[in-house]
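Protein chains in written order, with the numbering used here: chain C, 1 to 381; chain A, 1 to 304.
Each hint should be verified, as a subset may be incorrect.
Computed beta-carbon distance windows for the label pairs [stated by the list, open to error]:
| id | chain 1 | residue 1 | chain 2 | residue 2 | range |
| --- | --- | --- | --- | --- | --- |
| 1 | C | Ala230 | A | Thr163 | 52 to 62 Å |
| 2 | C | Pro375 | A | Leu184 | 50 to 60 Å |
| 3 | A | Ser301 | C | Gln374 | 24 to 34 Å |
| 4 | A | Trp266 | C | Leu139 | 29 to 39 Å |
| 5 | A | Gln116 | C | Leu199 | 21 to 31 Å |
| 6 | C | Gly191 | A | Thr163 | 48 to 58 Å |
| 7 | A | Pro213 | C | Leu62 | 25 to 35 Å |
| 8 | A | Pro88 | C | Ala230 | 49 to 59 Å |
These are calculated hints, taken from the structure and not from any lab test. Keep in mind it's a predicted model, so treat the numbers as computed, not measured. Quick reminder that beta carbons are idealized off the backbone N, C-alpha and C, glycines included.
Residues per chain are reported as follows:
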Amino acid sequence: MASVTSVGEVAAGAGAAEAPGAVAPGRSDRWYPARRALEAAIAPLGALLVAAALFSVFLLALGKSPVEFSMVIWRGAFGSLFSLQNTLARAAPLLLTALCVAVPAQLGLVVIGGEGALVLGGLAATCAGLAASSLPPSLALLAMALAGTAAGAAWIGLTGVLRVWRGINETVASLVLAYVAIALFNHLVEGPLRDPASLNKPSTYAIPDKDILGPLPGTDLHPGLLVGVAACILCWVLISRTTLGFAARIAGGNLRAARLQGLPVGALMIGACALGGAFAGLAGMIEVAAIHQRANASLIAGYGYAGILIAFLARQNPLAIMPMAILVGGIGAAGGLLQRRLGLPDATVLVLQGFVFVSVLASETFFGRVAWFQPRAAGGR
Amino acid sequence: MDALSTVLVAMVAGAIRVSTPFLFVSIGECLTETGGRINLGNEGALVLGAMAAYACAYQTGNPWLGVLAGAAAGAALGAIHGAACALPRVNDVAMGIAVMLAGTGIAFFFGKPYVQPSAPHLPTLPLGLWSASPQVRSALEVSPLFFLGLLAALAMWWALRATRAGLRLRIVGDNADAARALGLPINWTRFLATAIGSGLAGIGGAFLSLSYPGSWNEGLSSGQGLMAVALVVFARWNPLWCIVAALIFGAAGALGPSLQTVGVTWGYYLFYAAPYVATLLILVATVRPGRALRGMPGELSIAR
């Protein structure tokens with residue numbers, strides 16, 4: 001099996017496939033890319049409005065004012081420096097777990113096991129941090145990051161291997177593997193790796209204070225945010241500006257055509273899964289290094305599942321993941337203020353997120369339906 | 001010998017208790033998937049069903065009304081998933097996770113006032129009266145819902161293979177083109193299968209809150225709804241095998257706690273994960289590239 005690094009081979013295949021791909025929009029249709037971008041913006045925004053309207057009805061039925069509610073949400077999510085930082089801190093792991101879905105999705109794979117990769121990445125990073133505690137902080141953090149990404153890459157990569165080697169559906173495999181990962185995590189954290197001093201909440205030993213990933217210099221900003229944004233941009237470049245990404249998208253669009261072009265489809269699939277898993281594992285490492293300092297049940301917070309939805313809301317576009325993660329993080333960040341100001345339970349934000357997710361995912365159905373947004377071929381098709 | 005029998009009794013009791021919600025969720029998921037759609041939202045239906053059942057039982061004083069409320073709440077959530085997935089191009093895997101989060105959110109939202117009060121439990125059938133041992137007696141206090149689940153699985157197995165509705169559902173799930181050629185209402189059939197499947201998941205939730213563990217709190221479900229997908233794969237889309245799968249997964253979950261009763265605390269979570277590893281191994285052993293698992297409905301998005 002060819003390795004993922006055989007760029008030359010991929011480039012040759014990609015170059016050959018470029019010619020038929022370029023015919024789709026007619027030459028006269030100069031504005032098609034702009035209209036397509038508009039479609040991609042209007043559909044989710046419209047869905048957000050629908051979700052807001054439905055949620056307003058829900059609030060009115062409960063006797064609460066939607067106007068007051070939205071003002072509190074705004075203040076709790078973006079209104080002050082503190083709430084903005086809270087929002088961004090919540091968005092940071094979501095950027096990376098969403099990439100765990102969006103990268104394999106370029107090949108048409110639906111991977112939903114990011115939670116497992118995040119949890120194991122956090123655990124591996126903690127172990128590396130404990131083992132490397134005698135090293136200077138920068139090296140220790142590097143070791144943690146490497147261990148986290150390696151664990152995540154191996155776990156989701158295994159999903160890819162099962163898919164390529166045995167044809168096992170990656171959705172089922174990654175879901176099952178996520179449960180195995182969480183069981184493994186619980187076993188290790190409550191057994192061999194447990195710090196006997198952690199009574200109520202079984203945890204590993206804490207990494208030394210010197211190795212904590214502090215806020216970005218000069219601010220209180222979550223350091224994971226920078227990593228997440230960099231990863232999103234990196235993935236966008238990789239997917240849309242390199243031959244490797246192009247080859248992946250060919251395989252996602254038409255598997256048989258990609259095989260006929262001689263693209264190493266299997267290696268691409270495993271590589272995309274491993275890359276996505278590496279990001280989820282890195283999210284686990286950052287959660288440990290920047291927040292929890294040790295691996296315990298706090299890592300199993302559902303970031304993996306929220307990441308799936310964010311990737312779908314962003315229609316698997318790494319750049320669109322950023323606003324979507326901030327939107328979802330912002331709604332989550334407003335929970336505390338809602339409870340204090342309006343006396344609503346903190347689960348209110350979950351309900352609102354549910355409305356938003358269902359509505360935006362359903363809006364997918366409008367893509368390609370409105371003729372005005374579609375490419376107009378010169379001769380008509 | 002004594003330790004062994006203690007473990008066995010605790011395990012049988014645990015397996016029956018733990019497997020009941022698994023049974024309901026997995027036959028519900030099996031029904032939905034037979035129609036060609038996957039519903040990860042059953043986790044939400046389970047939690048929402050648990051909350052609705054508990055709230056209704058508390059308000060009315062009748063736990064059986066609670067079970068009905070749980071089924072209705074689950075079915076309502078399933079209807080959202082069914083309706084949304086009927087729209088073209090909507091991804092059922094992602095929508096299922098969205099419905100799961102929405103369902104748990106709604107359950108936590110409305111369930112907050114019911115965390116403290118205690119609702120009447122479902123009665124149990126004392127099947128252990130023949131035994132003098134109090135352990136065996138308490139172990140064989142089986143919930144009637146368990147037998148209801150067995151009946152439902154049997155009925156579904158029969159209905160899928162011997163009734164007109166079952167055949168239609170299988171056609172819709174196996175080949176949408178054939179169903180279209182026969183003039184079958186594909187979306188409506190799948191909608192019904194999704195709503196009824198989620199209703200069954202809601203009954204599973206009612207068992208959690210009204211029988212075992214028998215209270216309502218936000219950590220009630222340990223993901224049984226999502227795991228149902230693995231159980232259905234394990235059961236090869238056969239409701240009868242869903243019973244076996246539920247018992248095996250339930251027994252694996254019960255093995256750790258029952259070993260704890262005799263002082264073995266090691267490997268609690270590993271036993272729990274064993275059926276998932278077994279599911280994967282079954283997949284590895286039986287699936288080949290280009291050949292789907294036997295019994296898998298052809299229209300399923302995970303059949304690719």
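Evaluated hints:
no.	hint	result
1	Ala230/C - Thr163/A: 52 to 62 Å	holds (58 Å)
2	Pro375/C - Leu184/A: 50 to 60 Å	violated (35 Å)
3	Ser301/A - Gln374/C: 24 to 34 Å	holds (25 Å)
4	Trp266/A - Leu139/C: 29 to 39 Å	holds (35 Å)
5	Gln116/A - Leu199/C: 21 to 31 Å	holds (26 Å)
6	Gly191/C - Thr163/A: 48 to 58 Å	holds (50 Å)
7	Pro213/A - Leu62/C: 25 to 35 Å	holds (29 Å)
8	Pro88/A - Ala230/C: 49 to 59 Å	violated (36 Å)
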